[in-house]
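Asker: Chain by chain, the residues:
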Amino acid sequence: MVSEIWTEKYRPSKFYEIVGQEDIIKRVESLTNSLNIPHLLFAGPAGTGKSTLALIVVKELFKENWKENYLELNASDERGINVVREKVKNFARTKSIGNVPFKIIFLDEADALTPEAQQALRRTMENYSTTCRFILSCNYSSKVIDPIQSRCALFRFKLLEKKDIEKVIQKIVLGETLTITSEATEMIYEGSEGDCRRCINLLQSTSSVSPSITTELVSTILSDAKPKDIKIVLDYAVSGDFQKAREKLFDIMLRESISGQDVVKAIQKEIWNLPVEPEIKVKLTEKTGEAEFRIVEGSDPFIQLQALLASFVLAGLGK
Amino acid sequence: MQWTEKYRPKFFGDIRGQNLAVERIREFARHRGGLKKALILHGPPGTGKTALAYAAANETNSEIFELNASDLRNKEKLNEILRPAIEQKSLTKENKVILVDEVDGISVVDRGGLTQLISLIESTKYPIIITANNIWGKKLSALRRKAELVQLKEIDYKTIKDVMIFILRKEKNFVDNDILTNIAIKAKGDLRAAINDLQIIAGMDEPSDILDERNKETDIFSALRLIFKGKPTNDMLKVFDSVNMPIDEIILWVEENIPTEYQGESLARAYDLLSKVDVFKGRIYKQQYWRFLLYEYIFLSYGIASSKKEAKNLGFTSYKKPDRILKIWLNNLRTAKKKSIAQKYAKHVHVGEKRAMKEFDLIKKVILSNPQIQKELRLSEEEIEYLGNEK
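So the sequences go chain by chain: A and L. The first sequence begins at 98 in my numbering and counts up by one. The second sequence begins at 642 in my numbering and counts up by one.
In case anyone wonders, no lab produced these hints; they're calculated from the structure. These numbers come from a predicted model, not from an experiment. Hints may contain errors.
Listed below are several chain A residues computed to face chain L (Cβ distance under 8 Å; list not exhaustive) [what the hints assert, rightly or not]: (1) ARG343; (2) ILE355; (3) GLU394.
Ideal placement from N, C-alpha and C gives every residue a C-beta, glycine not left out.
Here chain A stands alone, though its shape is the one from the complex (with noise of 0.2 Å):
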């Protein structure tokens, strides 16, 4: 059955349908191709076509055996030890079907597994090597421990570049007879930052108010998706209402249920907006920076976040 979700309805199956990342593909092409691939590591930001190679080159290697020989996990959902220990390890133990001798783990977002995670894969990946292979993917290939990164190819994909994110809106705006206009597309490309993904569920929500996709269509779509609210969060802590911009805060969090790291994103962000002197925005992003820091280190985002908004009410006494 082919699937109505765009993202997988055009997601490619064979190496020559992905968009960018030229070089990966070749070498991973070739890799496969020798029906013998080593354990992979490829590293990039969201959206940029690593689960995609990831799956293409296990429907390459054990065609339609491929269900069967293929386990994928995410280990941002489960990232702790037991993942390792349990469903890795029962997969990988026994032998693949099919004239491939081994199977395939694709452990998805790997940098999100604990460091006592990565240690029990560590040992596992050589083990059960005979019968089988990991293809590891991350954002930061830094997060992932360096015993592990050197029993891998360490694959780096890079953010689409325009051109590519507007072939994939042109094969989509052909697949599904709809026009766009090419500040539309121009626009798309922006609210996607680089993340395919992103960029083809805004080409669907955008197409299902209408098939003829125009720029006021797309900002509309966009303003929707943005958490702009952080805004209005520093809005009230640099007038200096600290209670109301801490309510916001809180109602935000719980709403849209995103982590303190990424309000913290989004805050250092907004900071360069903000009508405050130069060496004062400084002074904030150098605060937002420890407020970051200290929610890895510490145990509740929100109080870190309600520190560093008090920090952006002294701001707005000009301190």
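Given chain A, work out where chain L should sit, using these hints.
Answerer: Structure of chain L alone, referenced to chain A:
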């Protein structure tokens, strides 16, 4: 002998602190055979429901026939035991009162019990008094219509104290006045609990000891007051030792109330220290190095007290109970559907659930754009409804 039994009131005159309820039940007894043949006494434990029923029986020179939660009360049993009771005359007394105690305790094994009780109410010759803690459940709605309702309120602490003094006098015993006050307050309107406590304490050699301990306990409000309004002193370091609350909860209290007391630079300094408290908390979790707890306590008390330049706001501040955890919990309930949708979507399109949650606004639009997708993801009707409402 238990004092609660020994001093159980015999007549309406012995009952304390429930004048209104006594009036109502007197009225009910006077108009016997009136509109409703049953009376429900409801109210919290230890407020005198059963006592009132017994007093009513004594006042009217009635025999009392009691059925309580310790008896099996299904349909057959009620028929077998209660039916004869409502039909036959008392052998010993002029009248008869039927008491069905703790009716909210009728449970699933008492199948058909409530229905049977209602039909017995219709045919009874004698008044039926029913007691319950809570009558507002759905289970008892039919019964509520068949009976007069009399609510018993929590007994105020002064009345409780009077009763205790009365008992002590009778027992020729003595307990310190402060302790009595303490028991009375702690009882929160439950006279039976207070009398039980009293009996235990009166029987001890040095009753003051344990209760003194309790007196010393600082509540969170006075601890917060001390920190937010007082000058930092070395004594302050121990302020939370006597607060009977885990430190993680104290942190939430402090967090919630800093902005009610501090502004500007004091606010920033106080939150900075609180943030350090949290960092140490995180380090304890990660490294299991519990000595860091010390720093948590120091920053949380002395540190935050020292964050203000001078104590400005010496007036009374009413502190807010932290409700963040509750709100998170409520929100989780609310977003359970969102989560289950994100889960289905994530699995289907090879992304993490976290990412699906994060991009939910966009994903929601995609899912809503085509009913075929909803089918493809096998969304339940409730989930589809949720998405529709979220629009």
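Asker: Take the hints in turn and mark each one as holding or not.
Answerer: Checked hints:
{"no.": "1", "hint": "ARG343", "in the structure": "holds (7 Å)"}
{"no.": "2", "hint": "ILE355", "in the structure": "holds (7 Å)"}
{"no.": "3", "hint": "GLU394", "in the structure": "holds (5 Å)"}
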